[in-house]
Amino acid sequence: MMLNYTIRRLLMLVPVLLGMTIIVFLIIHAIPGDPAEVILGEKASEESKQALRQELKLDQPLYVQYGDFLQNLVSGNLGTSIRTKEAISEEIMPYLAATLELTIVSMVFAVFVGVNAGIISAWKQNSWFDYISMLIALIGVSMPVFWLGLMEQWIFSLKLQWLPSIGRMNPRDPIETVTNLYTIDAMLAGRWDQLWTAVKHLILPGIALGTIPMAIIARMTRSSMLEVLRSDYIRTARSKGMSQFLVIYKHALRNAFIPVLTVIGLQTGMLLGGAVLTETIFAWPGIGRYIFDAIGSRDYPVIQTGILVIAFLFVMINLLVDLLYHAVDPRIRYD
Amino acid sequence: MAVPLMTIQNLQTHFVTDKGRIPAVDGIDLHVRKGEIVGIVGESGCGKSVTSLSIMGLLPKPAGTIAGGHIYFKGEDLAVCKEKRMQALRGDEISMIFQEPMTSLNPLMTIGEQISETLRVHRRKSRKEAWRDSIAMLQKVGISRAEGIVREYPHQLSGGMRQRVMIAIALCCEPELLIADEPTTALDVTIQAQILDLMKKLNEETGTAILMITHDLGVVAEMCHRVVVMYAGKIVEEGSVKDIFHKPRHPYTRGLIRSIPRMDSDGGRLYSIPGNVPLPGTITEGCRFAPRCEHAFDRCMRELPELLEQETGHRCRCWLQT
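First to last, the sequence lines map onto chains A and B. Those letters in the first sequence? Residues 57 to 391, per the working numbering, in order. Those letters in the second sequence? Residues 5 to 326, per the working numbering, in order.
Certain hints may be false.
To be verified - In silico contact screen, one side only, chain A against chain B (beta carbon under 7 Å); selected entries:
1. Glu98
2. Asp124
3. Gln127
4. Arg294
5. Lys296
6. Gly325
7. Arg387
Hint data in this document are derived by calculation from the structure and do not stem from the laboratory. Every residue, glycine too, gets a C-beta built ideally from N, C-alpha and C.
Please put together the full structure from these sequences, using the hints given.
Put into structure tokens, the structure is as follows:
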């Protein structure tokens with residue numbers, strides 16, 4: 057049953073992804089500016105621009121270009137960057153890995169702090185803890201991320217000099233890349249000093265990026281827990297002599313978790329899309345920066361593929377969340 | 005006469021609301037002996053459920069508090085007991101089952117987990133032992149395919165089955181006192197009878213005393229040895245089932261009994277006590293039932309009568325009986 061559902065959902069992704077390719081393709085071609093001119097510079101001769109357009113097939117009608125793009129995609133060819141002439145499928149990997157590593161760190165921070173703050177706020181409703189943590193959560197959702205990032209750098213890098221302000225690694229001691237997840241690579245190489253350096257580089261951007269999800273998760277957990285804590289089965293659990301810890305973490309949290317899980321999924325998807333601002337401030341070579349730079353140089357294939365990869369990850373996360381619903385709540389059935 | 009298992013003395017439970025402090029339970033005295041089934045009857049809002057939650061220490065915080073009095077359970081005063089100690093007692097020596105079997109079980113845990121966790125907390129049993137005991141307990145409460153049911157979730161069971169599961173949870177540690185708060189109100193009539201029979205049988209077999217909270221005099225007549233009638237936070241009459249049904253003294257008790265539909269009546273309108281239970285917080289001086297009482301006279305409006313013993317074990321709070 058579960059397997060059937062998963063297969064059906066995966067098949068349903070085909071039209072979704074197809075629709076996405078069309079939208080992405082059209083939007084990108086609506087970006088003003090002539091790629092040939094951007095690549096060759098304003099002073100290039102008209103002939104050389106024309107030659108480049110022909111080479112990149114930009115002189116073909118849109119549907120032909122789309123057809124080519126789709127054909128390549130289906131055959132596993134993600135295209136070649138106009139700017140670097142590299143295969144995008146290879147070029148994109150380090151960027152994707154950088155974003156993935158940062159997303160994982162941010163979400164672990166956001167879920168751990170957010171869920172626990174939400175639980176305690178609900179359990180101690182209207183206490184000082186509740187007021188203060190919900191105030192922090194409110195500030196967290198409304199604060200601009202770039203400002204938070206700059207403040208972190210100012211305090212923890214510049215003033216206290218505890219943590220590095222930018223990058224993923226000490227540039228003088230480059231890491232031997234295998235997976236491009238630097239923490240994993242450092243462990244694979246047995247370089248514990250590099251692992252520590254990689255972790256230190258992750259902390260500030262991780263907190264900056266995780267703050268908004270953390271605040272949303274905290275507020276969602278609190279309201280969901282408040283509802284659950286009033287329910288009859290919580291009274292039953294207490295009447296059985298369960299300790300407060302067991303009542304909250306074993307009986308209440310799981311029941312309160314479905315809406316929280318939804319938020320976690322959405323936020324993870326959003327972070328995987330790359331956070332251009334945060335990545336810029338922390339000079340983090342992630343997917344957001346990669347696509348942003350590609351837009352600047354009208355590198356159509358990179359933009360297209362980059363956005364498609366992000367969209368693909370987003371729908372996969374959503375599918376994963378849907379499947380997790382069932383693991384949390386056996387009443388949710390997929391027939 | 006055996007030493008009471010539980011003695012409640014002058015219990016006062018107050019609720020703090022927007023309209024001020026409301027005495028939901030206003031000085032009740034009550035005792036339950038070993039193995040006895042005592043019923044508390046009364047209309048909604050008379051304080052019977054609040055009494056049971058006070059005993060369990062499960063009053064909704066911070067609104068509800070025990071403002072005075074004592075609840076002695078085997079010599080220990082539960083009214084001033086620490087939460088940790090209450091946790092040790094709850095589910096082990098005192099258990100409770102609730103009105104709503106449909107919502108009283110955790111929807112995300114299997115039946116087996118919900119029974120065995122009680123055994124694991126109080127009896128420190130291994131996972132395996134607790135699981136085996138859970139199956140045995142389900143068989144004891146009359147569930148036939150217990151091995152299958154332990155793996156199922158509450159939503160897969162009917163209301164009657166769920167209430168049996170609740171009873172299994174409540175009785176798995178062989179408590180000395182079971183508080184049953186309207187255990188059959190939400191069930192079909194045929195299932196009601198089965199559940200009552202089951203509780204009565206378990207009472208006889210295990211000697212667990214039962215405090216039966218209900219508004220249904222039929223349930224009282226069927227189950228109880230003794231009855232306490234509550235009205236607006238106070239006890240108005242107390243006696244054996246025989247006394248209460250055959251020689252009711254308080255006009256409220258008489259009214260309750262007259263309100264029971266009878267097969268041999270002439271088919272006219274059913275009797276009902278005129279008026280409504282006073283809203284908590286609006287109670288004035290005098291007998292609380294006086295505004296609705298057909299026999300009320302001057303004194304009833306001015307002075308609250310005492311709960312006086314009329315005959316052995318039969319107490320009544322009424323000026324007509326003095």
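*Hint check: is the beta carbon of Lys296/A less than 7 Å from a beta carbon of chain B?*
holds, 4 Å
*asked:* A closest beta-carbon separation below 7 Å is what the hint needs, so does Glu98/A meet it against chain B?
replied: violated, 64 Å
*Close enough to count: is the Cβ of Gly325/A nearer than 7 Å to one in chain B?*
violated, 25 Å
_Interface hint outcome for Arg387/A [beta carbon to chain B under 7 Å]_ = holds, 5 Å
*Going by Cβ atoms only, is Asp124/A closer than 7 Å to chain B?*
violated, 51 Å
_Interface hint outcome for Arg294/A [beta carbon to chain B under 7 Å]_ = Holds - the Cβ of Arg294/A comes within 7 Å of chain B, reaching about 6 Å at its closest.
*Quick one, is the Gln127/A hint okay against chain B at 7 Å, beta carbons?*
This hint is violated: Gln127/A lies away from chain B, its Cβ roughly 48 Å from the closest one there, beyond 7 Å.
Checked against the numbered hints above, the structure breaks hints 1, 2, 3 and 6 and satisfies the rest.
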